[in-house]
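Letter by letter, the chains look like this.
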Amino acid sequence: MGKLIIDGLKVDADPNKTVLDVARDLGIEIPTLCHHKSLHPFGSCRICVVEKIWKGESTLQTACTYPAWEGEIRTNSEMVLRARKFILKLMLASAPESEEICKLAEKYQVFETPYKHNPKKWNNKCIMCGLCVRVCDEIMNISAIGFAKRGSERYIATPLDEYSETCSTCGACEFVCPTNAINVSDWTDREIKPHPSIFERGLISRPAVSVHFPQAVPNIPFIDKDVCMHFLNDSCGICEDVCVPEAIDFKQKDKIEEFDVGALVIATGFDLYPLMEIPEYGGGKIPDVIDALQFERLLAASGPTAGVVKRPSDGKIPESVAFIHCVRSRDPEHGVAYCSKICCTYLVKEAMLYKQAMPNGSAYSFYIDIRTGGKGYEEFYQRTKEDWVTFIRGKPARIVQNGDKVQVWSADTLSGESIKLDVDLVVLAPAIIPSAGSVKILKDLRLATDEYGWIKEQHLKLRPLESMIAGIFMAGMVQYPKDITDSVAQASGAAAKVLELFSQPELKRTPTIASVDTEICVGCGYCEETCPYEAIKVDERKKVAEVNAALCEGCGACAASCPSGAAQHKNFFKDQIFAMVVEATKDY
Amino acid sequence: MIKNSQQLNAFAKEIQTKKEKYKGKTIAICNGSSCRALGADKITQLIRDEIKKHNLDVDVVNVLTTGCHGFCERGPLMIIQPEEIFYQKIKPEDVPEIITETIIDDRIIDKLIYNDPKTKKKIVYKPDISFYKKQMRLLFESNEHINPKKIDDYIGIGGYSALAKALTMEPEAIIEEILKAGLRGRGGGGFLTGWKWKFCRNEKNDTKYVICNAAGAFIARSISEGNPHSVIEGMIIGAYAIGAYKGYIYVRHGYPLAIENFNLAIESAKEFGILGQNILESGFDFEIVISRGCGEFIAGESSALIASIEGKAAIPRPKHIHATEKGLWNRPTLLNNIETWANIPFIINRGADCYASVGSEKSKGTKIFSLVGKVNSTGLIEVPMGITLREVIFDIGGGMINGKKFKAVQIGGPSGGLVPESLLDLHLDFDSLKEAGTIMGSSEMIVFDEDNCMVDTAKFFIKYLMDESCGKCTPCREGLVQMHDILCQITDGKGREEHLDMLQELAWGIANTSLCQLGKSAPNPVLSTLKYFKDEYETHIRDKKCPAGVCKALIEYIIDSEKCIGCTLCAKRCPVNAISGEKKNPHEIDPMICIKCGICYEVCPVNAVERK
Ligand SMILES: Cc1cc2nc3c(=O)[nH]c(=O)nc-3n(C[C@H](O)[C@H](O)[C@H](O)COP(=O)(O)O)c2cc1C
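Listed in order, the protein sequences are those of chains X and F. Add 16 to the 1-based position in the first sequence for my numbering, that's all there is to it. Just so it is clear: in the second sequence, position 570 is 568 by my numbering, and no numbers are missing.
The set of hints was computed from the structure by calculation and includes no laboratory data. Just so it is clear, CB atoms sit at the ideal spot from N, CA and C, and this is done for glycine as well. Fair warning: there could be bad hints in the mix.
Pairs of lysine-lysine residues, derived as DSS-like cross-links and limited to a Cα-Cα distance of at most 30 Å, are as follows [as the list claims (entries may be wrong)]:
hint, chain 1, residue 1, chain 2, residue 2
1, F, K1, F, K244
2, X, K132, F, K529
3, X, K71, F, K317
4, X, K436, X, K357
5, X, K71, F, K360
6, F, K550, X, K136
7, X, K101, F, K432
8, X, K33, F, K324
Among the chain F residues that face chain X by a calculated CB cut under 7 Å, a handful are [stated by the list, open to error]:
hint, residue
9, Y243
10, R475
11, P573
Selected chain X positions facing chain F (in silico; Cβ < 10 Å) [claimed, not checked]:
hint, residue
12, R62
13, R100
14, S110
15, K132
16, I143
17, C145
18, R166
19, R170
Whole structure, please, built from the sequences with the hints as guidance.
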């Protein structure tokens, strides 16, 4: 067999492999843009050119398409570098807005291009690598998009530039694009399959296979069968191709795990009042009006913008941001009557972080009054007032789109003036409300809640960790709005309560629970229906009701509903009560 | 239905004897697309009507509608045989005269004969015309003798006898013969055809294909229209040699006559038992299908063409694996240019040695070129490989129009290089052309004279290539736009010194990193002009002048008041009223209004308008 010498390393020539395969196996880095492991080699971007020397003659060949024939290959020679720089300069001119191309160019010491940008170019990030078109065709078998026109006018389009009927909205085109140039919503007006990422608050979408969020436990990816094209269309399977340890198994089934536990701590968190239900602030339709948690993700280094605050509409870094306090909090008419407690502090913090990232930007804060109770919080707030954030006392009446700006209509209740302020971005602090998960689990567990849906504690002051059911504890916002410090404290307390419970050899209950007189009981089942704790059950064989002493809370509902008087409250038997009554009414 | 080669032979003999016995005249009217566009079909009809009117018997005269004769510029053309009287630029009103004078009375009509622009001599007979004299028309000659719609005509001139012969040969022997003949691909690349056949033969695969690339422009059209059977015969021989059972002819959708003639030829060949099952009782089956192409330039590139036949967009793919191994539908595929195919019958009939005696050392046989531009005689010419440029331009082409000075000739189509006067003795063959920085390509030759600006010319071709680029790969798609932009700046007077280096770098990059041959050869017009006409670029950039007076931004028209006689002709013809002046007094051009169309320059009777 012939030999292939690649950057001086000698390997067996193998025409079934490409030079790129061989180089990567050897750990030699060759840049690629239009290459994708799961797609047929295309050879359009030309960035992977390498020098082939054969019979003393040098030619440039694309590593992604060129068979690993015998001969010599140089991946980093002068000729190769000249060619790559040339290609990158052309790309810088044609896709000037692509950060990825800029970065790659910098790696090759190309910092500017002598060439002109073609103003008629359809998209200033696209490098026409065709990955989107090819993935739609080769992987999804759909071909909803293709190349239109030719030469420098070539662009990516659906047939006749109309919304595609065949587009599956899977989003693979967007996902494979190496320069972030593609938007599925350009091809279809239907709902896009990849759901918005919940963790990223909808700022980006979540692929069909993903990990919930970086610190998720367990930190294992899952496949979303509702959107995965492999399950919907019997196509795709790219994840299988790229997974090195071959961990993808499409045959796995969902399953529900059941655990027997001795205690529960409910810590199901909170939601923010939905933007959609705040019509005067755009009702979620103004892209640059976001909530504080979205802004939190924009500030996060692990967030969708890698910590650079970019507004959702056009990715621009906002030069002015308005922060609105008390949106639907302390507003019994439209929202909730309570104070959400944490918003003032976090919103002041977000304004500060924004100012630190954009010292020349302007931050405005609209408030009713600022409540920054807590250790060190007030001092922090006072500092932001110095010259970081402009505080305007007033609750905005409306927020509207104004060109590419967002306009906040408000009054300054200190000066009595009315204000219309144009900003690049508005961040709202909507009221904190029980999470959908809380609502569901509290209902399933038949735990009592207050008028807003917050879990009821056994005693607000004396037993603030226990729910109305023994063995079920609470921590955090499931109870009412509180900050991290308070949540951690409460969670520690709940954990201690659980340990206390488990440290006893036997479960001690108050003796005032239900009992059934099996002589009288006929097993009619009335008690079973009424019991809120599922603590009383009819034994089908014996036809009598039996009480589970561990579950019974001694509420007395069964006793009250029992038609025969078989169900009774221990220590509150009728004759005991009568005896007590007699005793109590005796003359002394 | 012809069953075997004996019957074919007998049939051919029959036709030939009939022809030999024929004592009347034959009017061979060119009905190629060019002549048709100039009214050839109307003239054909009129000739027929006139013959009827005079009650002339077929023994006296018959009409032959043929394919292209090559001298398209002079159309509509006719040749009256057996004398080979050459009539040109025939108008409908000339027809009665042709019949009464030439056919009935044997008199030459003076106004219809060819007037040599160089020698100013009138020439009656076709072989005496310098345009034809230096040609060697191995393929094209038969165009004048057959009606492409009639298979009988083709068989009559010995058609399909090569096929009959080939079918008695071993496939390997046929391939040896083609190799020995030294035939190289006429599609431009010049790859040894025999090698291609051999590779394809050696592939072990039950299904193989042959393809005829007739995607080209004038040459492909004139062969398709004028002698489709020669191509079909070549293809059957090729298919037999490599073991293919199906062939495709890829023709431009925009050439309906070519498609019609191919269709007719295929049908009649089938009827004759020359195509289809058990061809000439050899046991060999072969069918041909016509595939219509979109007519894009890139569709002629072999991998794009194959994609197009497969029903995909005509976009090239990397060709490290040759079509002979994995071509159409990933099967071994023998793809040859139409002219390559048309050469096959000749080689089989006359033998490799005879064929190889024509041409230069490494390029054998003849080659058809399309000769256009600033020469006196333009059209399609067939010359032996190795002929010099000078012979083509000054003998066949009859020299430069109006005695202007030759400047350059572009060879090989839009991506060919421009060759200067110093290289006029260049031999026209694959290797010499490559050495001179151009290509055989599509075998088009465009001659430029002193009035052509080389920067502007390069810009023109780059614009064409930029528009025809499929847009798949970065260097061709983006690079050509940048090249064009720089050339525009230079011709607009905004050229900068660094533009020359930028053009060089772009040319290097595009040529070395493009995916297909279109991109790889696209920089040729720029590279060759930078090499041979650098001074023109420099004058544009440094002096902001266009020596040829073409680039509008760099020229101005001025009326020499000494010379101007005030005839007002220029003022009257100026489309934007930029010229003012009293009658009989010197006129003036207002440079702010002037659009530099040059009409004043052309109409001035005393050459008082100067271009600077
Ligand atoms: C841009 C481009 C256009 C081409 N156009 C044609 C064409 O019109 N006709 C043709 O026969 N070959 C054309 N070719 C060459 C073909 O790719 C191929 O080499 C040729 O058809 C092979 O046949 P041959 O070996 O008989 O020459 C073209 C090549 C390129 C790069």
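* To do: Grab the minimum C-beta distance from X/C145 to chain F and call the hint holds if it beats 10 Å, violated otherwise.
  => 9 Å, holds
* So, X/K132 near chain F? Judge it on the closest CB pair being under 10 Å. => Holds, about 6 Å.
* **Interface hint compliance - F/R475 to chain X, C-beta minimum distance less than 7 Å** => 6 Å, holds
* May I ask you to test the interface hint for F/P573 with respect to chain X, counting a Cβ-Cβ separation under 7 Å as satisfied? => Constraint on F/P573 not satisfied, violated at 30 Å.
* Tell me if X/R62 is really an interface residue toward chain F, meaning its C-beta lies closer than 10 Å to one of theirs. => Status holds, d = 5 Å.
* Asked: Between X/K101 and F/K432, does the CA-CA distance stay at or below 30 Å?
  -> Between X/K101 and F/K432 the Cα gap is close to 28 Å, so the pair holds against 30 Å.
* To do: Would you settle whether the hint for F/Y243 is holds or violated, based on the nearest Cβ-Cβ distance to chain X being less than 7 Å?
  => 28 Å, violated
* To do: Take a quick look at whether X/K132 and F/K529 sit within 30 Å of each other, Cα to Cα.
  => The given pair, whose Cα atoms are some 25 Å apart, holds under the 30 Å limit.
* **Hint check, X/S110 versus chain F [nearest Cβ-Cβ separation less than 10 Å]** => Cβ of X/S110 sits 5 Å from chain F, so the hint holds.
* Straight-line Cα separation of F/K550 and X/K136 no greater than 30 Å? -> Judged against 30 Å, a Cα distance of about 25 Å means the pair holds.
* **Hint consistency between F/K1 and F/K244 [alpha-carbon to alpha-carbon, up to 30 Å]** => 21 Å, holds
* To do: With a cut-off of 10 Å on the beta carbons, see whether X/I143 makes it to chain F.
  => With a minimum Cβ separation of about 7 Å from chain F (threshold 10 Å), the hint on X/I143 holds.
When the structure is compared with the earlier hints, violations turn up for hints 9 and 11 and for no others.
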